[in-house]
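Heads up: the sequence lines are chains A and B, in that order. Position 64, counted from 1, in the first sequence is what my numbering calls 64; the numbers after and before it change by one each time, with no gaps. Position 61, counted from 1, in the second sequence is what my numbering calls 61; the numbers after and before it change by one each time, with no gaps.
Read the hints as simulated data drawn from the structure, not as lab findings. There's no promise every hint is true.
Claimed, not checked - Subject to a maximum C-alpha distance of 20 Å in a straight line, what follows is the list of computed PhoX-like cross-link-like pairs (lysine-lysine):
(1) Lys-5/B x Lys-93/A
(2) Lys-93/B x Lys-5/A
(3) Lys-5/A x Lys-93/A
(4) Lys-102/B x Lys-80/A
To be verified - Partial chain B-side listing against chain A, Cβ under 10 Å, derived:
(5) Tyr-8
(6) Ala-9
(7) Val-28
(8) Met-30
(9) Ala-46
(10) Asn-48
(11) Gly-51
(12) Tyr-56
(13) Trp-66
(14) Val-89
(15) Leu-101
Where is the CB? At the ideal position from N, CA and C, for every residue including glycine.
Number of protein chains: 2
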Amino acid sequence: MNSKKEYYAVIFTSKRTSLEAGYKEASVKMELLAKKQPGFLGMDSARNEIGITVSYWDSLEAIKNWKQNAEHQIAQKKGKEKWYSQFNVRICKVEREYSYLK
Amino acid sequence: MNSKKEYYAVIFTSKRTSLEAGYKEASVKMELLAKKQPGFLGMDSARNEIGITVSYWDSLEAIKNWKQNAEHQIAQKKGKEKWYSQFNVRICKVEREYSYLK
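Next up, chain A with everything else stripped away, as it sits in the complex (with noise of 0.2 Å):
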């Protein structure tokens, strides 16, 4: 990612409920569509007691747009209805960053 250009993240943390059923194929479905979305920059995923996706975007546009996607939207209804029992959406500027690598 180029650190020189303005980007935003979305900071998605959430909490599950026990209804597996849809889960994983709704959450590897929207991982792909997300990954093809214009403006779209990378994804890091984690999930223990509560699960934290950010996802990375070079636009407030892009970020409006995925959220709007038909596909998307779909999944985010079920979502509600059925796998989380609580989530936070955070979109943010990132302001800057610095990295480690061994």
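Got chain A; can you put chain B on it based on the hints?
Quick look at chain B alone, frame taken from chain A:
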């Protein structure tokens, strides 16, 4: 967290080495220490293939002070030497957020 007031997120993504000695203890200690810092607002963590810890702070100054905390500096040094094969730190301004609770 008060969504009306400006605040910041530090997204720490990491990959671990296979060295376990001291890691868990330091991790717990740093979380407790972070929570005592002025300007600390909250923290979420999860780890599978990668680890993601997001901490929230009320100012960039609070983030800088935490980075420079003496005990934290020692942990950062050990982190590079022993526990992490790579990591990335992104300092972000939270532009907006929304939540869902069943």
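Structure-based check of each hint:
{"no.": "1", "hint": "Lys-5/B x Lys-93/A", "in the structure": "holds (15 Å)"}
{"no.": "2", "hint": "Lys-93/B x Lys-5/A", "in the structure": "holds (15 Å)"}
{"no.": "3", "hint": "Lys-5/A x Lys-93/A", "in the structure": "holds (11 Å)"}
{"no.": "4", "hint": "Lys-102/B x Lys-80/A", "in the structure": "holds (8 Å)"}
{"no.": "5", "hint": "Tyr-8", "in the structure": "holds (8 Å)"}
{"no.": "6", "hint": "Ala-9", "in the structure": "holds (5 Å)"}
{"no.": "7", "hint": "Val-28", "in the structure": "violated (14 Å)"}
{"no.": "8", "hint": "Met-30", "in the structure": "violated (16 Å)"}
{"no.": "9", "hint": "Ala-46", "in the structure": "holds (4 Å)"}
{"no.": "10", "hint": "Asn-48", "in the structure": "holds (5 Å)"}
{"no.": "11", "hint": "Gly-51", "in the structure": "holds (6 Å)"}
{"no.": "12", "hint": "Tyr-56", "in the structure": "holds (9 Å)"}
{"no.": "13", "hint": "Trp-66", "in the structure": "violated (15 Å)"}
{"no.": "14", "hint": "Val-89", "in the structure": "holds (5 Å)"}
{"no.": "15", "hint": "Leu-101", "in the structure": "holds (5 Å)"}
Checked against the numbered hints listed earlier, the structure breaks hints 7, 8 and 13; every other hint is satisfied.
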